[in-house]
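Sequence lines, in order, name chains R and E.
Per this note's numbering, residue 1 is the first one in the first sequence, and the count goes up by one each step.
Per this note's numbering, residue 1001 is the first one in the second sequence, and the count goes up by one each step.
Hints may be right or wrong, so weigh each one.
Stated by the list, open to error - Quick list of simulated restraints, FRET-style, between CB atoms:
1. Ser385/R <-> Ala1489/E: 57 to 63 Å
2. Gln155/R <-> Leu1255/E: 44 to 50 Å
3. Tyr42/R <-> Pro1395/E: 44 to 50 Å
4. Val1281/E <-> Gly24/R: 57 to 63 Å
5. Asn1470/E <-> Gly24/R: 25 to 31 Å
6. Asp196/R <-> Asp1450/E: 33 to 39 Å
For the record, the hints were derived by calculation from the structure and aren't laboratory data.
Backbone N, C-alpha and C fix where the C-beta goes; we use that ideal spot for every residue, glycine too.
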Amino acid sequence: MNTIFALASGVGRAGVSVIRVSGGDATRALTSFGCVVPAERYATVQKLLLPDGTVLDEAVTLFFKGPRSFTGEDTVELQCHGSLAVVRKVLAHLSEQDGFRLAEAGEFTRRALEHDRLDLTQVEGLSDLIEAETEAQRVQAQRVLSGAIGQKVEQWRTKLIRAAALIEATLDFADEEVPVDVSPEVTELLSSLVRDLEAEEGGVHHAEAVRRGFRIAILGEPNVGKSTLLNALAGREAAITSSIAGTTRDIIEVRLEIGGIPVTLLDTAGLRDSDDEIEAVGVARAMRAAAEADLRVFLSLDGSAPGEMCQVGDIIALAKQDEAGVYKNGVSGKTGAGLEWLEAQIFEVLEPRVSQVGIATLERHRIAIVSALTHLRAAQDLLGSSVGADDLVAEELRSAQRALEVLTGRIDVENLLSEIFSTFCLGK
Amino acid sequence: MKHFDVLVIGGGHAGAEAAHAAARYGARTALVTMKRSDLGVMSCNPAIGGLGKGHLVREIDALDGVMGRAADAAGIQFRLLNRRKGPAVQGPRAQSDRKLYRLAMAALTEAQHGLDILEGEVVDFLTDGHAISGVVLADGSEIQAKSVVLTTGTFLRGMIFIGDDTRQAGRMGDDASCKLADRLADMSLPLGRLKTGTPPRLDGRTIDWAALEQQDGDEDPTFFSFLTDKVQARQVPCGVTHTNEATHEIIRENLSRSAMYGGHIDGVGPRYCPSIEDKIVRFADKASHQIFLEPEGLDDHTVYPNGISTSLPIDVQRDYVKSIAGLENTKILQPGYAIEYDFVDPRCLTSELALPEAPGLYLAGQINGTTGYEEAAAQGLVAGLNAAARALGKPSVGFERSDSYIGVMIDDLTTKGVSEPYRMFTSRAEFRLALRADNADQRLTQIGIDLGIASEERCRAFQSKMDLLNDARGKLEQTAYTPKQIRAAGVNVKEDGNRRTPFQLLAFPDVEIADLYALQSDLADIDLASAKQASNDALYANYISRQAADIERLQKDEALKIPLEFSYDDIDGLSSELREKLKRVRPGSIGQAGRVEGMTPAALTLLVMLVRKADRKIA
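Chain E on its own, in the form it takes in the complex:
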């Protein structure tokens, strides 16, 4: 029988990142997928990154994950969103060539030491008491593993809807896979139901591009990986078009035939990615909605019309597509559909994404109620690292709200749960000014190096970057000048008697480093990248030091751990409602407990005391 430290089920974005992370942490790892070629498939829109999401990719990359490098290799149009706003709210985004992405992911996976890809279908778990000890494949073979990461997306009761036409989706269709689902059902995990939609895929050769507005990528592209320095694929533009009154009329007339509105779907859909039916009903006064026509690849004529996902019947889809400017003669290659599926309420997971009911089992990705490749990959990273930690007896790996978007997401999921498919936004991060895409490596790469999960190339690149940056910061903060000196050098500051360092001057919106050469000549030796980084840091320095007190308070509460076996039933002073919530969430720390919905200061004080008392008994 084969034996691994960590076994990952599923080769999507969560699975790939989980397998890589486990292998980097030193675990002998196997990734089981139906087909080798499924690795890195982009099942929804052909793009990576965006606001919040781009931050996640940067963080994954800072910890030497694979998503950023694959996305750079496959990028056919790079755009830094919010380019004209502050660096904290800028997010890198790229259109991806689906095939190039798959190839890049396959190559990276082949190259990863200690990672095997197994083709097969997992139908059941091997168990040892409650603990998971491996899996059974469809051909009857068994594989043992100390930890198992489940990343099977929408396979739990997944249903596809195109108008009245309904079919089972995912691997739910065949009997064998049901066993795995049944096994999860046996654990009586709390489940919820969600839905999501896709637009019809269009034949790009039948689109009247000449009639449409074009959106080009940035001239100076921003990459995801801190290791990437150049564009690797040919760059192409996207098209932009709009729905119109005629489109809306067609949709309104056929609303009753939509699966979403015909009463076939009860799941909750994402508010931020509504179907075109939803948009027209909820925002009835809007005469037009924007559509981005995104190419799926350089040698692929499929086009993804971002903005018109739907569950209307095929003939209606055909009619409304034809009503849109530039799409009058466009052929639909594949109709849009809605998918509805069960997810596991992530509040039953620990912050390592482990399921305490089944020691050794970790869940990551869409199965936890999230949406998006980036959210899935980031969870994969966390689950993979911790699955490896458990298998190898190494320290577990946690992220905090104050150090990363990864930490924000894991905490949101495991503490607050989800009511719609969870997507990352920058507004979810209360320490947004400190958690930037541009400083993800400064925040996280050292953690990766300390864990031993960063490659030599990564360590070298990081060290030399930090050396340059520290040198630059030294020069910038070495001397404070009087307003008179600064004005004499041609920079306009108030005569308020305050001395300022060049670093402080960089925080002024209209001051660039070149403006300061006259003030201090050795600033001219600072390389452009370090100068840019230093001025990003300078811009927010005041705000970030103001937040330091908040962060300190948070960390103190996070440090006060609540043991997993802590019994809430024995506490007299809790309302029964709050008691039930705490039993479900099982907060890992007082900090997390404080964020549980409905928590009161009095109840928290009570918890603090009891937790300390429990601590003392153990000691």
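Next up, chain R with everything else stripped away, as it sits in the complex:
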């Protein structure tokens, strides 16, 4: 049986996050991080090491030997720092271990039942717990199946079924009048699926941004009022302002909310060539922050922005619109003029990204999508490389379907046959 793992504590930033691993190979979760298996039931602090020897985190490790564990199997708990990045890395590392996979909803409980660790005569007494579990499953399924997300999944499903049906038709009806070469259509379907899934995988990025706040870098030449603007938006004196160009050297971060969207504003050093060593470092940092930010706001006096830094969706605002009434597409940190306009601009850019967050909000979903992508790419390779490997292509498509079952529910063979029979005239 597979060894399963999952984040056992709540999702999101927290002081401590608990990752639970259960199954015959659970102790491998420890050794794969270069840890020793601690004495049973003794909390032991150890460093989690990545394969390259670098330290991932320091964690409290616990080992429960089966059957004396929640699931009745060998169980390992890693209590690491509740950072999203740490948790994601731990989960990703575990998913790479042979025979390890992410637990399905309720699977720890199911294993506990299977190993008679939950007293079944008390099941009625535990109904509250069970209710909570099924309610969570219901909500999850509902979210996936409703609205735009559900429709998107339905589109993938349709394409996958179509591609699989074309291949299966050539396999199951070899003796009949099936168009011999279905590969152009299958190739086209697969590339479009791969494109969609890659985009969805990319959507995880937005989902993360929603969790930690979108990073918005305020950029511009020295002394155009970046820090003044930051302070105005923050409503407090977060950054030092002065009339001297080059006042801001390091990056100053302020967290706030715009239209309900969490953002982190970054005030940066004014962009210019400088002989001052410290200012030059500041400018380099500003450039890097600009590149890594989710959105850039360029302040300038003439409405221009450095083309090489500017990305689609970025905002350009006229700076120092301090004279009352004359601003247009501009702001004044000093008077507060145009702040609402700028916030609206930011909201307009970010809001679609928030709603673009697909089904891939969770690591579990991302793993399913990545797995489906792996199989689809393998199918593409097989289609491209050799003749007569349709049985293997079909198998990869079946695996891709199974991977997506996590998100969509079952793809039944009946759907496949319906597609075949509605497309081809079969029957000798």
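Use these hints to put chain E onto chain R, whose structure you have.
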């Protein structure tokens, strides 16, 4: 009064296989059929096997059933379908000489120890409470049996249609047989209605063969039985022709006279075997459809035109046949017709094909909503073995989705039911790469040996084959070579530092065993058959080990049995729709319950807990 352990009603493909299986499992068995000569009659097309179907025949043979051997004896044109595709999707198929098939089946049946053939017509069951305890024949005589297998095909309200002409079919026509049907009706089993069609039979002497394309069999024939090593009958080709616009025009003009389109038939027909009327309506843009002209026998001039089944009136059939190339002067020997019949919703059966309402009664074949000789025979095998198990107090015999197409079919039937005549396809088997026609014996014969249903000849042949194969696998997997060594031996592999065994190298599409002799000389001692088998295994080894986790999960769920008397009414957390479905299907295991349409993860979790709780109470 006569007394048997198992009594099989019907001598078609399901009945014959059921009777043989019961006898092999040690039951004193009787097969009751109207006429001795009905045994092994091929009522539809004169061919056995194909994709999925050929897999079933191989599996029946691996368990020492009779269909494969009879089909080999009667084969007059052998073709391995998908020969150029992977071995998992290759299916053996053969044109059969109807008479030779009947003779072979009769001979095999005569030879089977513990199996009697009784001529007669069963008109009623003997009962003992709800349980079935035997049958009553038309002459009033009674036969007792501990288990009864019913394989009566389309006899439930069977109707034949040729255009406007309608008549009762099967044994439905005479009064006595109605009693048996009435008896089933009394059990208030859920019934459905299906239809199927046949083409007109043609006089081969009036076909212009010279004008037609020919399709020959394979030069190197692939047999059904693992025991067959040579062709037994003379080999002949099939002809190929096509419909044309004129044909389509005639059919279009007369659609209203077709039973199917004239509103006489309400049953659901198979999508994969549509009538010519159906093809022309549904695929209106196709200007031509292929027809295979299949000889029905070596000394029989009847020809079966595969592809033009119909329920049009005879004069229309005559006209459209004449419009087809090569058939301009062809005589129709017997018109095509459609048949409509009731079937028992197989979801009310257990995975042993038993009917819990009537302990001791088993159903197999077309009566369960399937089509095809092979599907019928495979069900016969399962029903026969389990009928014998019940009669003798032996362990019941089950098949899994992960071990056989038989298991896939039984599970599909009893879990999902049928909405059209059920036919096997390779795409129905999710573990297709592991469930191949070429390894049916490796998967199943040991099971047969353990059950004691395999003949000595079968055991010997299997043992010596496995010895050779294991020896070959040993040689192939003994040593792993570096890319450098492999390249030095003339085989092109990537210099990726991975050592590979000859077995792994066989998985490469362009590597044959002979290419590896230079690498390891003792590979040359491996016989051709074992080498071929090993390379089939090698080809899919990676995929199959990837599937192992899926199979393990499935088996775990299958192992969690739900007792037959489990009450779904007492469960609070189920929707009423799902409750009704579960009551009808009565899944035998949590695995099967998970495949019931509309099942949710939450409901399944609930079931798991309640089943375990019920278990505990019993213990």
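Broken hints, numbered, in rising order?
Violated hints (numbers, rising): 1, 2 and 6; every other hint is consistent with the structure.
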